[in-house]
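A.B. asks: First residue of the sequence shown: 425, per our numbering; consecutive thereafter.
These are calculated hints, taken from the structure and not from any lab test.
A portion of the hints provided could be inaccurate.
In silico lysine-lysine, BS3-like type, Cα no more than 30 Å apart, as pairs [as the list claims (entries may be wrong)]:
1) Lys427 / Lys505
2) Lys590 / Lys468
3) Lys427 / Lys522
4) Lys522 / Lys505
5) Lys427 / Lys440
6) Lys427 / Lys468
7) Lys590 / Lys522
8) Lys505 / Lys480
9) Lys522 / Lys440
10) Lys505 / Lys468
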Amino acid sequence: MAKVLEALIAKGRRVKRPAEQREVAFGLADLTTHEEILERIVQKGGVRTFVHLISKSIDPDAQRYASLAIANCASAPLNRKTIVVQGAVETLIEYVSKSGGDIIARQYCAMCLGNLAADPDHHADIVNNDGIDALIGLIATEDIQAGRYAAFALSNLAANANYREKVVSDGAISACISLACCGEPNAQRSALQALRGVCITPQYRILCCREGIID
């Protein structure tokens, strides 16, 4: 498996044809389902390959698989700092904001941001790259699964008192209340977790009530 992994990582930054990029991205995404090698994937340069495929490939499937792969890698706490240091945050946020991008790839990018935001040390990187606005915009697409992962990321950011005001001023309250009214339990849960974070601050509880959270 080690040789296959290293070959795919290297190939992913080299191939230019969409079909080959798709094949590489799928292979790497499949490997990230094995939790025991997530750290090895990042150590061997996987982050740069995923960022390259997300930002440079014109194939939606390649972008989708690469986004899933980096999101899976970010689920391992020891990988998060490396993912941020190697510049993935800006690429992830740009793709979340990309209205013409593959909606499933956008949701996986949001999932990755949510995983990175589980560590408060990375909140500034996300916020300073306009991540909050991008995540709220993804909820506004009304794609339930995309909204679910965007709200998941917002819930981690809203828990941070330093950025709660920004979460509120960018419009998270109305977006998350709307999402909480959908019929999908996991999306509802993510939306309510974000609203719970907002409501830590007493003054924002009034705003939530005005937006209809009681109903």
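A.B. asks: Take the hints in turn and mark each one as holding or not.
C.D. replies: Each hint, compared with the structure:
Proposed proximity of lysine 427 and lysine 505 is supported: the alpha carbons are some 25 Å apart, at most 30 Å. Distance restraint check for lysine 590 and lysine 468: the Cα-Cα separation of roughly 36 Å exceeds the 30 Å cut-off, and the hinted pair is therefore not satisfied. Taken as a hint, the lysine 427 and lysine 522 pair is broken in the structure, with Cα atoms around 34 Å apart against an allowance of 30 Å. Pair hint lysine 522 plus lysine 505 holds up; C-alpha atoms about 25 Å apart against a cutoff of 30 Å.
For a cut-off of 30 Å, the pair hint linking lysine 427 to lysine 440 stands: about 22 Å separates their Cα positions. Taken as a hint, the lysine 427 and lysine 468 pair is honoured in the structure, with Cα atoms around 11 Å apart against an allowance of 30 Å. Taking the CA atoms of lysine 590 and lysine 522, the gap is near 21 Å; set against the 30 Å cutoff, the hint holds. The suggested pairing of lysine 505 with lysine 480 holds, with an alpha-carbon distance near 23 Å, which does not exceed 30 Å.
Note on lysine 522 and lysine 440: the hinted pairing holds, with a Cα-Cα distance of about 22 Å set against a maximum of 30 Å. For the hint pairing lysine 505 with lysine 468, the CA-to-CA distance comes to about 15 Å; that is within 30 Å, so the pair holds.
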